[in-house]
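**Student:** One letter stands for each residue in the lines below.
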Amino acid sequence: MALVHNRFEDQSIRMSEATAGDFFALLKPRVMSLVVFTAFVGMVAAPETINPFLAVVAILAIAIGAGASGALNMWYDADIDAVMARTVNRPVPSGRVRPGEALTFGLVLSVLSVMTLGVLINWLSAALLAFTIFFYAVVYTMWLKRWTPQNIVIGGAAGALPPMIGWAAVSGSVSFESFVLFLITFLWTPPHFWALALFKSQDYERAGIPMMPNVAGEASTRRQIFAYSLLLAPVGVAPWLLGYTTIGYGVVSLALGAGFVWYAWKVLRMPDSDRVMKPAKALFGYSLLYLFVIFAAYLADSVIERVFALGGA
Amino acid sequence: MSDNGLVTLTDKQKKARRSRNIAIGLALAALVIIFYLATIAKFGPAILDRSL
Chain P
7 MALVHNRFED
17 QSIRMSEATA
27 GDFFALLKPR
37 VMSLVVFTAF
47 VGMVAAPETI
57 NPFLAVVAIL
67 AIAIGAGASG
77 ALNMWYDADI
87 DAVMARTVNR
97 PVPSGRVRPG
107 EALTFGLVLS
117 VLSVMTLGVL
127 INWLSAALLA
137 FTIFFYAVVY
147 TMWLKRWTPQ
157 NIVIGGAAGA
167 LPPMIGWAAV
177 SGSVSFESFV
187 LFLITFLWTP
197 PHFWALALFK
207 SQDYERAGIP
217 MMPNVAGEAS
227 TRRQIFAYSL
237 LLAPVGVAPW
247 LLGYTTIGYG
257 VVSLALGAGF
267 VWYAWKVLRM
277 PDSDRVMKPA
287 KALFGYSLLY
297 LFVIFAAYLA
307 DSVIERVFAL
317 GGA
Chain V
48 MSDNGLVTLT
58 DKQKKARRSR
68 NIAIGLALAA
78 LVIIFYLATI
88 AKFGPAILDR
98 SL
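Protein chains in written order, with this note's numbering: chain P, 7 to 319; chain V, 48 to 99.
Treat the hints loosely; a few may be bogus.
What the hints assert, rightly or not - A few chain V residues that face chain P, going by a derived Cβ cut-off under 7 Å, partial list only:
no.: 1; residue: Leu56
no.: 2; residue: Lys59
no.: 3; residue: Gln60
no.: 4; residue: Lys61
no.: 5; residue: Ala63
no.: 6; residue: Ser66
no.: 7; residue: Ala70
no.: 8; residue: Ala74
no.: 9; residue: Ala76
no.: 10; residue: Val79
no.: 11; residue: Ile81
What the hints assert, rightly or not - Which stretches of chain P does chain V cover? Using the computed rule of at least three CB atoms under 8 Å from a CB of chain V, they are:
no.: 12; region: 143-154
no.: 13; region: 178-184
It should be emphasised that the hints constitute simulated quantities derived from the structure, not laboratory data.
Virtual Cβ for every residue (Gly too), placed ideally from N, Cα, C.
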């Protein structure tokens, strides 16, 4: 038996059939769209202004950076993605993209996005983007995800950082206001993912991922979802309470927060025998709506405030 | 692999390679345009007005 395998023997197998679309799928476009939206809100809410073209470049760099961390996640998680119904068709587990290709793609885009943001915008936002990529790809994906049921609680920081990056890209600094935007997404992440984990617990069980329902049980998860919803609702209203927004945002965020607590309450009251888990599915759907609308309300408030400020000037 | 020892791509592989090449070409072109315009946006038109 040859000690060294001639890797040129299987040339026909080594030729890639991955299309540009497969590589685009590695960027997790749906997650990327959320990142783009929240980063844009952070940029508009920041007290300074930026050249519109540079703003587009900043958004693009943040989106590519987020996508790069998604590609690195898909490279590392290919083994567990292959056993979960939700992820089995991703480019790496389905065999369309080779793990090495995904890794290289992720690394190249990471460096490119961080350097572009640093050179063309500022180095604080670039450092925050680099930290976000590192936190998601290394701290969350390689360490927390397979180790602790608090994986998405701590790992949620990566998904919550884009508004701060957007803020830093425009103002060159971070503020408590941008931290509140971070906190909204950070506290939203556990109830959002645990609602999903409740009705997908068999998938996570098969993949051996220690999600909260698989480790602490469904009853404990339902209690924790409710507890986080009680934390999230007031934090969602905090920008108005702290004087950062008008009462318009306050009313919208209050209604959204009340809705979140209501849906979480229904999850809390869900009987153990309920295998359809409609309340958990409803909360999952509502949580997506919540995050979109609360950031849209913040955006609208910031834009209106600027228009009035211009009118008064 | 063909008789002459060279790799023969299947139609699917050729199509995929073409798709990747076009995407890389477009991305590189976009980068050139972005850095050109961003330089002007960042430093202003004065960057073109320099003594030789």
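**Student:** Each hint: holds or not?
**Tutor:** Structure-based check of each hint:
no., hint, result
1, Leu56, "6 Å, holds"
2, Lys59, "5 Å, holds"
3, Gln60, "5 Å, holds"
4, Lys61, "9 Å, violated"
5, Ala63, "5 Å, holds"
6, Ser66, "4 Å, holds"
7, Ala70, "4 Å, holds"
8, Ala74, "9 Å, violated"
9, Ala76, "14 Å, violated"
10, Val79, "13 Å, violated"
11, Ile81, "6 Å, holds"
12, 143-154, "violated (count 0)"
13, 178-184, "violated (count 0)"
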